[in-house]
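S.K.: What follows is each chain in one-letter form.
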Amino acid sequence: MIKRRNLEEKIFKSVMILSLTIVICSLLAVFATVIIKGAPSLSLEMITEVPKGGYYLGGGGGILNAIVGSLYLSIGAIVIAFILSLPMALYLNQYSERSRVPGIIRMILEVSTGIPSLIYGVFVFLIMIEVGARASLFWGIITIAVFITPILTRGMDEIMQTVPLKLKEASLALGTTRFETLIHVITRQALPGILTAVILAFGRGIGDAASVLFTAGYTDSIPTSLSDPVATLPLAIFFQLSTPIPEVQQRAYASAIILLVIVLLLSAVSRILSRRFMEYVVR
Amino acid sequence: MNFNRSRVLKNNLISSKRNRREITDKIAGKFMLIPAILISILLFAIFALLLLHSEQILSLYPITDLIFSSSWKPLAGDFGFYPFIMGTIWVTSLAMIFSIPISIFTAVYLSEYAHPKLRKIIQPFIDLLAGIPSVVFGLFGVLLIVPLIRDYLAPMAGVTSSGYSILAGGFVLSIMVFPILISITYEVLRTVPVEMREASLTLGANQWETIKKVVLKKAYPGIIAAIILGFSRAFGETMAVLMVVGNVAKVPTSVFDPAYPIPALIANNYGEMMSIPIYDSALMFAALILFVMVVIFNIISKYVLIKIKRRVA
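Chains S and Y are the protein sequences, given in the same order. Just so you know, the first sequence maps onto residues 10 to 292 in my numbering. Just so you know, the second sequence maps onto residues 42 to 354 in my numbering.
There's no promise every hint is true.
[As the list claims (entries may be wrong)] Listed below are the simulated DMTMM-like cross-link pairs for lysine to aspartate or glutamate, each with C-alpha atoms no more than 20 Å apart in a straight line:
hint	chain 1	residue 1	chain 2	residue 2
1	S	22	Y	250
2	Y	348	S	189
3	Y	291	Y	106
4	Y	253	Y	236
5	Y	67	S	189
[What the hints assert, rightly or not] Stretches of chain Y that chain S covers, calculated by requiring three or more beta carbons in the stretch to come under 8 Å of a beta carbon on chain S:
hint	segment
6	74 to 80
7	158 to 169
8	340 to 351
In short, the hints are calculated from the structure, not lab data. Where is the CB? At the ideal position from N, CA and C, for every residue including glycine.
Required output: the full structure, derived from the provided sequences and hints.
M.R.: Right, dumping it as C-alpha cells:
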C-alpha cells in the first residue's frame, strides 16, 4: 500500500519535471530557431542602413528605419505613460485610505491590462478618423502610450504596496504631509521596482505590432517629424516575411534576432539597475 | 509688547508655512486623481466607440444572423461571423488543452518541490518567455511548427495539410500563455498556508497526497481564475496566430484545417475596408465581440483572485 502511494508520487513528480523541461525547452527552441535561421543573413548593413530601392525584391539596405522607428515610438510612449502612471500609482497608495475608489480603479487597471493591443489600435484609429488624422509617429506614440499605461501603473502599484507600512507611519509621525511622505519616502523606497516596471513596459511597447498596425503607418525612411509615418521592428519582420522572395524572408529572421537582442538587453539592464538601486532600500 | 509682537509674527509665519504644505498636499491629491479618472473612462470610451461603429451592421442584420451564419461574402453583403468565432474557439481551446496541464504541473513543482535555488534560476526564464514579442513567436511557428506539421504530424495522421493550421496556432499560443498561467498558479499555490500542508503531512500523507487533497483543493478557485485569464490572453492574441493559422474563412472540422480567428480578421482587413462602410461596421462588430468577451473573462478571474488575496491578508 505504502509502495503504491509512493509510486504514485514518483510518477507525478516525473510528470512535473517533464512539464518544467517542456516549458524551458520551448523557450530555448524559440531562441534557437530564430538564431539558427537568422544568423547567416545578419550583417552590419542591416542595422546601419535604411532600405534602398528594391529592398523588398532582394536589393541592398537594412532596417535602420524600423529600429529607430521602434525606439522613437517606445520612448515617446513611455514618457507619456510614466507621466500618467506615477501620479496614479501614488494616488492608489496614499490618498485613498478607507475608500472604495482604489479598489475600483485597481480592478479597471487589471481589466485594461487584459485588453488585446489590437483593440487599443482600433480604438485610436477610430479617434483618428473622427479628427481626420493620418497614420503617423504621433498617433503611434499615443497608441502605445494608451496600451502600456495600465501595465506600467499596475507594475508601480504592486511595488509601492510592498513598501512597509511602518516606514510610512514613521514618516507621517514626524509631521510630514502625505505628499511629502510619498515623494521622500515611498518613491525612493520603490525606486528599483519602478525602474523595473518602466523597462518592462518599454519592452512591451517595443515588441508590439498589432496596436500600431493602423496608427503608425510604415515607411522606408527615418521620420523627421511627429506627423511622418514610422516603421516598427515587429512590423518590419512581418512584412519582410510576407514577401515571396527568400532573401527578403531571410532578412525577416535576422530582424527577429535584432528584436530579441533588444528584448534581452532590456531585461538584463532592468536586473542590473534594480540590483544597483536595491542598496538604498530599507528592508 | 515688542516680544509679543515678534512671537505673533513668528507664529503667523509658521502657520503660513504649514498652510502652504497642507495646500500642496491637497492640490497634489486632487491632481493625482486626474489620470485615474482618465483611465477609468478609457474602457467605457472604447466600448462606446465600438458600439457606435457597429450600429450600422446591427441595424441591418439581427444579431443572431451575424453570429450563427457561416457565409462570409462582404462584397455580396453576407456577414456571417460563425467561421471566425469557431476559428477563435478552436485555436484558443487547443492552446489551453496543451498549456493547462503543463503549466499547472510546472507551477506545482516550483511551489512544492523545487529547491529555492532552482526557483531563482527558473524565474528569469519564465519572465523572459513573457517578454518575447508575439511576432517572434509567429516567426518561430512559421519556421519550425508549420513545417513540422506539414511534413510529419499531418502525414502521420493520414491527412495532407499546408501546416498553416489550427494545430500550429494552438502550439504557438500554448507557449505564449505558459508564463501567465505558471506565474499566477504559482502565486495562488503560495497563498495556501504552510500549516495546512504540515497538518496533512503529520497525519501521514506523503507530499503528493498533500498536494492533491489539500493544496490543490484549497487553490482550486485561484487556478480556475488563472485559466480564465490565460484563455482571455490567448483569445486576443493577434500577430502570432495570424502568421501560422492559415486565415481561411471556413468553419474548421479538424485541427489540421486552417482557421480565421477574429483578431486576425480585424488585423488583416482593417486597412482596406474604408471604402465600404458596412464592411467597416462589420469589423467593428467583430472588435466589439472580442472586447466584451475579454472584459467579461478578466472581471471574473480578477474578482476571484482579489478575493483570494484578501482572504490571505
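S.K.: Hints first: check each against the structure and report whether it holds.
M.R.: Evaluation of the provided hints:
1. As the CA atoms of residue 22 of chain S and residue 250 of chain Y are separated by approximately 12 Å, the hinted pair is consistent with the 20 Å bound.
2. A C-alpha spacing of about 32 Å is found between residue 348 of chain Y and residue 189 of chain S, which places the hinted pair above 20 Å, so the restraint is violated.
3. Restraint check for residue 291 of chain Y and residue 106 of chain Y: the C-alpha separation of about 16 Å stays at or below 20 Å, so the hint holds.
4. The hinted pair formed by residue 253 of chain Y and residue 236 of chain Y meets the criterion: a straight-line CA distance of about 16 Å does not exceed 20 Å.
5. About 11 Å separates the Cα atoms of residue 67 of chain Y and residue 189 of chain S, which keeps this hinted pair within 20 Å; it holds.
6. Proximity of the segment 74 to 80 of chain Y to chain S, defined as three or more residues with a beta carbon under 8 Å from a beta carbon of that chain, is established by the 6 residues found.
7. Interface restraint, the segment 158 to 169 of chain Y with chain S: holds (6 residues with C-beta to C-beta distance below 8 Å; minimum three).
8. Under the rule that three or more residues need a Cβ within less than 8 Å of chain S, the assignment of the segment 340 to 351 of chain Y holds, with 4 such residues.
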